[in-house]
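Taken in order, these protein sequences are the chains called A and B.
Heads up, the first sequence stops at 300 in the working numbering, and the numbers go up one at a time, no gaps.
Heads up, the second sequence stops at 300 in the working numbering, and the numbers go up one at a time, no gaps.
Bear in mind the hints are in silico, worked out from the structure with no lab data behind them.
Any given hint might turn out to be false.
Which copy is meant is left open, because identical chains are indistinguishable; a pair holds if it fits in one copy or across any two.
[Unchecked claim] Subject to a maximum C-alpha distance of 30 Å in a straight line, what follows is the list of computed BS3-like cross-link-like pairs (lysine-lysine): (1) Lys140 <-> Lys110; (2) Lys203 <-> Lys222; (3) Lys140 <-> Lys151.
2 protein chains.
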Amino acid sequence: MFISEDSEMSAEILDGKILAQQIGDSLKSEVDKLREQTGHVPTLVNIIIGDDQGSCVYANSQKKVAQYIGIDYKLATLSANISQNELSIFIEALNSDMCVNGIMLHKPVPPHIDYGVAANHVDTIKDIEGINVANIGKMILGETKITPCTPASVMEHIKSTSVDLKGKEVVIVGHSRIVGKPLSLLLLEADATVTICHVATSEAGHLIEHVSRAEILIVEKLP
Amino acid sequence: MFISEDSEMSAEILDGKILAQQIGDSLKSEVDKLREQTGHVPTLVNIIIGDDQGSCVYANSQKKVAQYIGIDYKLATLSANISQNELSIFIEALNSDMCVNGIMLHKPVPPHIDYGVAANHVDTIKDIEGINVANIGKMILGETKITPCTPASVMEHIKSTSVDLKGKEVVIVGHSRIVGKPLSLLLLEADATVTICHVATSEAGHLIEHVSRAEILIVEKLP
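Take these sequences, add in the hints, and give me the full structure.
In C-alpha cells, the structure reads:
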C-alpha cells in the first residue's frame, strides 16, 4: 500500500511488521489489565479439520502471538471425515461455552464440507475473522463490529499514518470478496472517495489513469 | 440514471414506468404458468405497524400491482403498541407458514421497535426486500440472491439497455447503506469499474472530474 500526499507522487511504503509489533504490545497491555482487574483470560479456539500442513504452520505462528499477548490459545483438530452436521454441533457447543471468547475456522476444509454454511454457525460475537455472513452484511449497513482480517489490516495501516481519509482519492486494485469489496465499504464509512479497479479495468485501458491519480493506492493483485 | 456511449456525452434518460410495466407483464406470465402447472398462487404478506399514512398509500399501490400480477396480497396491520418480542413471534409464525412465500416489513416502525432486529427475523428466503443482514452480506460474497429494491431497480434499468457493464466506468454519487454501497457491489459483480462519490468528494473538489468521465452515472442525491 502506498500513500502519496503531494502531486510529485512521492510514496511512503508502510511496514507491516513494525505495526504488528505495536498492536501486539497494545493488546498485551489490555489483556494484562483485564486479567488484573477481573481475573479473566480471553480464550480463542482454533478449528482445523484434517491435517493440512499450511493450517498447522499458521496455527503454530498464531499460538506464539497468543502466548505473547497473554490469551489462552486452544487448537481443536477434527477428523477429516467429520460431517457438516457434526461440525455445526461442535461449533454451536463453542458458541454456548461461556469460557470461549473467540472461534476461528481454518481453511481449507475437506471438499464435502461447505465452508460458508459452517462459517454462518459461528456466533457473530465470537466470529473473530468476520466470516459469518451477518457480520459481513453489517459492513454495508455501517454497523461494522468485526471485520475480515485483510481489510482490517489495511485500515490499521492507514490509521498508523494519521492521514485523514475524508475526501481522499483512494484506488483499490482487486475486487475480491475477501479484500477489495469489504475494504471499499470500510473506506466509504470513513468518507473516502473510492474507486475499485480490476482485470476488466485493465482490459478497458483505464487502469493507469486511476493508479496515477490515486492519493492512496491499495493493490490486492495486479491484473 | 444516465448512460453515455460516446465521448460527446450524449446521454440517454431511462424511463422507469415503461420498464416497470414490462417487468409486471413478464411476472404475470410467470405467475399464470405457475398457477396452471401447479395450482400454486404465491402469497405476499405485508406488515404495517401502527397507522402510518405513507405506508397505507404504499400498501394500496402494492396491492394493485399484486392483483395485476396475480399473486395473493395480504396486509397485516399490527398495533403500534406491539413489543419487539411479539413482533418477532409474529414474523417467525409467517416464516414457518408454508402458505406464505414473501414477507415485507414496512417502514417506519414505532420508536420502541428496532427495525434491524425485526428485519433479521425475516427468513432469508422470504425476505423480498433483502433487509435481513445475512442477505445483505451475500452481496459482498458474490452470492446475491435477494437484492434491496433500489439497487435491484438500477440494475434492471441498466440491463434494459443491453449495455455490457464489463470494464465500464461507472460513477455513483451517494454512499448510503440502501443505495450507493449495495449498488457498488452489484456493479462490481458485473465487472464494472466503480467509483463511489459523495459529499466529501464534492468538498475535496473532485466531484466534477468523476461525473465528467463517467460512462454510466448513477446519482443517488446531489451533495
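Cross-check of the supplied hints:
1. Lys140 <-> Lys110: within (21 Å within a copy, 59 Å between copies)
2. Lys203 <-> Lys222: Close inside one copy (11 Å) and across copies (26 Å); limit 30 Å.
3. Lys140 <-> Lys151: Result: close within a single copy only, 8 Å intra versus 56 Å inter.
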